[in-house]
Amino acid sequence: MAAKPDLLPGTLDMLILKTLTRVPMHGYGIALAIRRLSDEVLTVEEGSLYPALQRLLLQGWVKAEWKITETNRRARYYTLTAAGKKQLGLELSQFDQMIAAITRVLQNA
Amino acid sequence: MNPLTRLFRKFRLTARSDRFNRDLEEEMAYHRAQAEKSFIAEGMSPQEAHYAAVRHFGNDARLRDESHGIAGLALENILQDFRFAFRQLRKNPGFATTAIVILTLGIAASVAIFSFVDAALIKPLPYQNPSRLVILFESNSLGLQFHLSYKDYIDWKNQNTVFSSLEIYAPYGFRLQTPTGTQQVDGSRVSAGFFRTLGVTPALGRDFGPNEDQPGQARPTILSYSAWQRRFGGRADAIGQTVVLDDQPNTIIGVLPRDFHFRPSEPADFWTTERADGECEKIRGCHSMFGLARLKPGVSFATAFADMRTVVAQLERQYPDSNKGRGVFMLPAPELIVGDVRPILLVLLVGAALLLLIAAVNVASLLLVRSESRRREFAVRGAVGASRARLTLLFITEGVVLAATAGVLGTALAFLAMRYATGLIPKDMLASMPWFTALGLNFRVVLFAVLVSLASAVLFSLMPALRVSLADLHADLSSGGRCFAGNVWRRFGSNLVIVELTMAVVLLVSAGLLGKSFYRLLHTDPGLIPDHLATLQVAAEGPAYKKDPAVIALERQIQTRVATLPGVRSVAFTSVLPLGDGDGTIILSVVGQPHHDGLREVIDREVSASYFTTLQAQLIRGQLFEESDDASHALVGVINQQLAKQFFPNQDPIGQQVSSDGDANAHIRVIGIVNDIQEGQLDAAPRAALYVPFNQTPPNDFAVILRTSQDEDSLLTTVATAIHGIDPGLATWQPSTMSRRLHDSPAAWMHRSSAWIVGGFAALALLLSIVGLYGVVAYSVSQRTREIGVRMALGAQRSSVYRLILREAGWLAVLGIGAGILCSLATTLLLRKLLFQVQSWDLPTLVGVAIVLAASALLASWIPAHRAASVNPTEALHAE
Chain A
427 MAAKPDLLPG
437 TLDMLILKTL
447 TRVPMHGYGI
457 ALAIRRLSDE
467 VLTVEEGSLY
477 PALQRLLLQG
487 WVKAEWKITE
497 TNRRARYYTL
507 TAAGKKQLGL
517 ELSQFDQMIA
527 AITRVLQNA
Chain B
24 MNPLTRLFRK
34 FRLTARSDRF
44 NRDLEEEMAY
54 HRAQAEKSFI
64 AEGMSPQEAH
74 YAAVRHFGND
84 ARLRDESHGI
94 AGLALENILQ
104 DFRFAFRQLR
114 KNPGFATTAI
124 VILTLGIAAS
134 VAIFSFVDAA
144 LIKPLPYQNP
154 SRLVILFESN
164 SLGLQFHLSY
174 KDYIDWKNQN
184 TVFSSLEIYA
194 PYGFRLQTPT
204 GTQQVDGSRV
214 SAGFFRTLGV
224 TPALGRDFGP
234 NEDQPGQARP
244 TILSYSAWQR
254 RFGGRADAIG
264 QTVVLDDQPN
274 TIIGVLPRDF
284 HFRPSEPADF
294 WTTERADGEC
304 EKIRGCHSMF
314 GLARLKPGVS
324 FATAFADMRT
334 VVAQLERQYP
344 DSNKGRGVFM
354 LPAPELIVGD
364 VRPILLVLLV
374 GAALLLLIAA
384 VNVASLLLVR
394 SESRRREFAV
404 RGAVGASRAR
414 LTLLFITEGV
424 VLAATAGVLG
434 TALAFLAMRY
444 ATGLIPKDML
454 ASMPWFTALG
464 LNFRVVLFAV
474 LVSLASAVLF
484 SLMPALRVSL
494 ADLHADLSSG
504 GRCFAGNVWR
514 RFGSNLVIVE
524 LTMAVVLLVS
534 AGLLGKSFYR
544 LLHTDPGLIP
554 DHLATLQVAA
564 EGPAYKKDPA
574 VIALERQIQT
584 RVATLPGVRS
594 VAFTSVLPLG
604 DGDGTIILSV
614 VGQPHHDGLR
624 EVIDREVSAS
634 YFTTLQAQLI
644 RGQLFEESDD
654 ASHALVGVIN
664 QQLAKQFFPN
674 QDPIGQQVSS
684 DGDANAHIRV
694 IGIVNDIQEG
704 QLDAAPRAAL
714 YVPFNQTPPN
724 DFAVILRTSQ
734 DEDSLLTTVA
744 TAIHGIDPGL
754 ATWQPSTMSR
764 RLHDSPAAWM
774 HRSSAWIVGG
784 FAALALLLSI
794 VGLYGVVAYS
804 VSQRTREIGV
814 RMALGAQRSS
824 VYRLILREAG
834 WLAVLGIGAG
844 ILCSLATTLL
854 LRKLLFQVQS
864 WDLPTLVGVA
874 IVLAASALLA
884 SWIPAHRAAS
894 VNPTEALHAE
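As given, the protein sequences belong to chains A and B, one line each in that order.
All residue numbers for the first sequence refer to the working numbering, where the first residue is 427 and numbers rise by one.
All residue numbers for the second sequence refer to the working numbering, where the first residue is 24 and numbers rise by one.
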C-alpha cells in the first residue's frame with residue numbers, strides 16, 4: 427500500500443472549518459467527510475482531530491452542541507460561527523497565495 | 024479573539040473539567056462505535072472491527088490530556104512553572120537577592136508613605152459629613168485667623184441663617200488636682216452642642232446636655248480616649264467620678280471614641296463646657312475662642328460666608344468700640360485640619376512612586392540581561408516543542424514570584440518603618456498631627472501594596488516576554504543575532520541610567536547638606552553644657568502666691584529641699600528655659616543716652632543667682648548676682664556679649680544703667696557680662712539678653728533646672744514629688760532634660776527628619792542607579808559577546824576590552840554625575856532656608872558625592888567588563 431501523503435502543516439484547521447460550512451457535523455462525520463471529499467487521499471488522525479476541535483472551540487470559531495443522531499445516539503455537533511467563517515476566508519486566501527507561490531517556484535526552477 | 028475572553032473561557036473550562044472530560048469521553052466513544060460499524064460493513068468480524076477501531080484511535084488517555092491541555096488551564100503546568108521559577112532564582116542567588124532587595128525597598132518606601140497619606144488624607148475625618156463643617160474666625164488688621172469673643176459668638180449664632188448649628192471651642196490648660204499634687208493638663212472648653220455638631224457620640228457615657236453650658240449648672244467633663252486609658256486605666260467606673268480642674272469639681276460624664284481627634288484643639292485630655300459667666304465672656308472685646316459650624320443642607324460655603332459677612336458688618340456698626348475693623352473668616356474644617364500637610368505628603372508620595380517605578384524598570388532590566396543569557400536555553404526549549412505561550416508563562420511565573428516576594432517583604436518593612444518613624448516624632452509634634460496615631464496596615468494600605476506588587480509583576484513578565492516574542496527563536500538557536508528590540512532597550516536603558524544617576528546626585532547632595540547642617544546644629548555651642556541638666560516647670564498660682572515675698576520664700580524652700588536630693592549638684596531657677604522659642608522680650612534703653620538706631624528688643628529673663636553656674640555658662644567680665652539681691656537692694660542685671668556689642672559698642676558696659684520701656688524709672692545697673700546662652704531655637708542667631716535677679720521680680724510661672732551627678736532622667740519624678748511635698752497646690756509639668764530639649768527642639772527635629780527622609784530617598788536612588796548602570800552595561804556586554812570574540816580573535820588585548828566596556832559605562836556615569844551636579848546647584852538653592860552654617864554649594868559635599876558615585880559606578884561596570892574580558896574568543900565564535 428502506497429504511503430498516504432501527510433496533511434500540509436497548518437491546514438487541518440482550515441479543512442475542518444471548510445467541511446463545516448454546509449452543515450453542522452460531529453467529529454466522526456468531519457473525519458469521514460475529509461476522507462471522502464479528498465477521494466480517500468487525506469486521512470485525519472483522530473489524535474489530531476479532537477485536540478484541533480478543542481482549539482477551534484477555544485478560539486470561538488466553532489460552536490458545539492449535543493444532538494441525537496439518525497441512529498438515535500447522542501453526538502456532539504460542531505457548527506461554524508461568524509468568526510469561524512471570517513477565519514476560514516483568511517486561511518483560504520493565505521493558502522491560495524502559498525500554493526501559487528509554490529507552483530511558481532516549481533514551474534520556473 | 025480577545026485574550027481576556029479566552030482566558031476566561033479557559034478558567035470556566037478548568038472549573039468544569041469533569042464535564043469537559045465526560046463530554047470528550049462520550050464523543051470519542053461515539054467515534055469508535057461509528058468506526059467499528061463501518062469496519063463491520065466492510066466485512067470485518069465484530070471483534071476485529073473493535074480492535075481495529077481502538078488501534079486506529081490510538082492512546083485515548085493521551086488524547087484526552089492533549090485536548091485538555093489545549094482547552095483548559097493546565098494547573099500542573101503552572102505549579103511546575105512556579106517550582107521552576109523558584110529553582111531558577113535559587114540557582115542565581117546574586118540576581119534574586121539584588122532584584123528582591125531593590126524591589127522590596129521600593130515597595131516599602133511607597134507603601135509607608137502611602138499609609139501616611141492614607142491616615143491623613145484618605146481616611147475620612149472622624150466626624151459625620153466632615154465636608155459640611157466649617158471653622159470660623161474673627162479677622163482683624165493683623166490677619167485672618169483670630170479668636171472671637173463670647174458675646175460676638177452669641178450674636179453670630181442668633182443672627183445667621185446659614186448654619187444648622189454654630190458652636191465654639193477654646194484650647195485651654197487646666198490645673199488638675201491629683202493625689203501626687205497639682206498638674207498642668209491640656210484640655211478644651213466647648214459649647215454644649217460641640218460634639219453633636221461634629222456628629223460624634225461618646226464611646227462611653229453621654230454627651231453634654233443642651234443646657235449644660237449655662238451658668239449655675241453642675242460642671243460636666245468628657246475625657247479623651249487616651250486620657251481615659253492613661254489616667255483611669257480604661258475602667259468603666261471612671262464615669263461619675265469627680266475631678267478638680269482649676270479648683271472646680273467636674274463630673275466625668277463620658278469618654279470620646281478612640282479614633283476621635285480635633286486637631287485645632289489637640290492635645291486635649293479634658294473637654295469641659297464654656298460658661299457665659301467667665302471674666303472674659305462678659306466683655307465683647309475679650310477674644311478667646313473659635314467657632315465651629317455645620318452648613319444647613321443646600322447652603323454652599325460661599326453663601327454662608329456672604330451671610331456671615333453681613334452679620335459681622337452689622338455688629339461692627341452696632342458696637343464700633345470693640346468691633347471696629349473686625350471681620351469674619353471661614354475655612355472648611357478639613358482644610359484647617361489636613362490642609363497644610365497635604366502638599367508635603369503628596370510630594371513625598373510622588374517621589375516614592377517615581378523611585379518605585381525606576382526600581383521596577385531596573386529589576387526588569389536585570390531580568391532582561393538574564394533572559395539574554397538564557398536565549399539558547401529558550402531556543403532549545405522552543406525547538407523541542409515548547410510553545411511560545413508556554414515560554415512566556417515561564418517568564419510570567421518568574422516575575423510573579425519576584426514581585427510577590429518583594430511585595431510581602433516590602434509591606435512588612437513598611438510596617439516596621441512606620442512604627443519606627445512615629446516613634447521618632449516628638450510627642451508635641453504628634454499631638455499636632457493626631458491622625459498619625461491611627462497609622463497602620465489597614466485594608467486600603469494592603470490593597471495598595473497588592474496593586475503595586477501586581478503592577479510590577481506585570482512589568483516584569485511583559486519585558487522579557489516581549490523580548491522573546493520579538494526575537495526569532497530559530498534565529499537565536501542558530502546565530503544569536505542582535506535584533507532591533509535589543510538596541511531600543513539599550514538606548515532606553517542608557518537614558519534611564521543617566522536620569523537615575525542625576526537623581527541620585529541631587530538627592531545625595533541634598534542629604535549630605537542636610538546631614539552636615541544637622542551635625543553643625545547639634546554641635547553648635549548653645550552657651551551651656553547640656554548633659555546632666557534636668558528641667559521642670561512649676562506654676563504657683565492662687566491667693567497664697569499673690570505677693571512677691573511668698574514666691575521668693577517658695578523658691579528658697581524648693582532650693583533647699585531639692586538641693587538635698589541625692590545626685591543633685593546645683594539648683595537654679597529661671598522665668599523661661601533656654602533653647603525655647605526665644606519669646607519674652609522687652610525694649611531696652613540705656614539710661615542717659617539717646618535711643619540707638621539698631622534693634623532695641625532684647626530677651627529678658629528673671630534668673631536665680633545660681634543660674635549661670637548651674638548651666639556652666641562663662642562669666643566674661645564683672646560679677647554675677649548674689650542670692651541676697653532682692654527687692655530691698657538696688658536693681659542689678661547681667662547682660663550677654665551680644666547685648667554688650669549691640670548697645671555698648673565702644674564703651675565698658677559694667678556700671679552702666681539700663682531700663683525697659685515698660686518701667687522707665689526702674690534703672691538696672693549692669694554688673695557683669697556672660698557668654699551668649701542660646702535662649703531661642705538652636706539655629707537662631709545670637710540675640711541680646713538681659714538677666715535680672717529672680718528675687719527682685721519673682722515670676723509665678725518658672726522653671727527649675729538641676730545639674731546632676733547621675734542620670735538626669737531618673738531624678739525627674741523625685742523632684743516633682745519633692746515640690747508637691749512643699750505645697751500640693753503647686754502645678755508641675757513638662758519634666759524634661761536639656762539634652763532632650765536640644766534634640767527634640769523643632770529646629771533639630773526639622774533638620775533630623777528632613778535629613779532622614781532625603782537621606783533614605785538618596786540611599787535608594789544611589790542603589791537604583793548603580794543597579795541600573797550594572798543592568799545596562801551587562802546587557803550591552805551580553806549583546807556584544809560576538810563582537811568582543813571577533814576583536815579578541817583579531818588580537819585585541821584583554822585590557823582593551825576592559826577599556827571598551829568601561830568607556831561605555833564611564834560616559835553614562837560622567838553624563839549622569841555632571842547633570843546631577845548642575846541640577847543640585849539649582850535644587851539646593853531651595854534648601855538654603857533649611858541649612859544651618861552650611862552653604863548650598865558646599866564643595867566637600869559636592870566632591871564627596873561625585874566620588875561616591877564614580878566609585879560605585881566603577882564597581883557596577885567592572886563586573887560586566889570583567890565578564891567581557893574573560894570571553895573565550897574561540898567559544899564566543901563557535902557558540903554563535
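Derived by calculation from the structure, the hints in this document are not laboratory data.
Everything numeric in this text was worked out from a predicted model, so none of it was measured.
Just so you know, even glycine gets a beta-carbon here, dropped at the ideal spot from N, CA and C.
One or more of the hints may lead you astray.
Cross-link-like lysine-lysine pairs, in silico, BS3-like; alpha carbons within 27 Å at most [what the hints assert, rightly or not]: (1) A:Lys493 x B:Lys180; (2) B:Lys347 x B:Lys146; (3) A:Lys444 x B:Lys347; (4) B:Lys347 x B:Lys180; (5) B:Lys319 x B:Lys180; (6) B:Lys569 x B:Lys305.
Chain B is faced by these chain A residues, among others (derived, beta-carbon under 8 Å) [said to hold, decoys possible]: (7) Glu496; (8) Ala501; (9) Arg502; (10) Ala508; (11) Lys512.
Each hint, compared with the structure:
{"no.": "1", "hint": "A:Lys493 x B:Lys180", "verdict": "81 Å, violated"}
{"no.": "2", "hint": "B:Lys347 x B:Lys146", "verdict": "41 Å, violated"}
{"no.": "3", "hint": "A:Lys444 x B:Lys347", "verdict": "95 Å, violated"}
{"no.": "4", "hint": "B:Lys347 x B:Lys180", "verdict": "20 Å, holds"}
{"no.": "5", "hint": "B:Lys319 x B:Lys180", "verdict": "13 Å, holds"}
{"no.": "6", "hint": "B:Lys569 x B:Lys305", "verdict": "24 Å, holds"}
{"no.": "7", "hint": "Glu496", "verdict": "12 Å, violated"}
{"no.": "8", "hint": "Ala501", "verdict": "5 Å, holds"}
{"no.": "9", "hint": "Arg502", "verdict": "5 Å, holds"}
{"no.": "10", "hint": "Ala508", "verdict": "12 Å, violated"}
{"no.": "11", "hint": "Lys512", "verdict": "11 Å, violated"}
Consistency note: the structure conflicts with the earlier hints numbered 1, 2, 3, 7, 10, 11.
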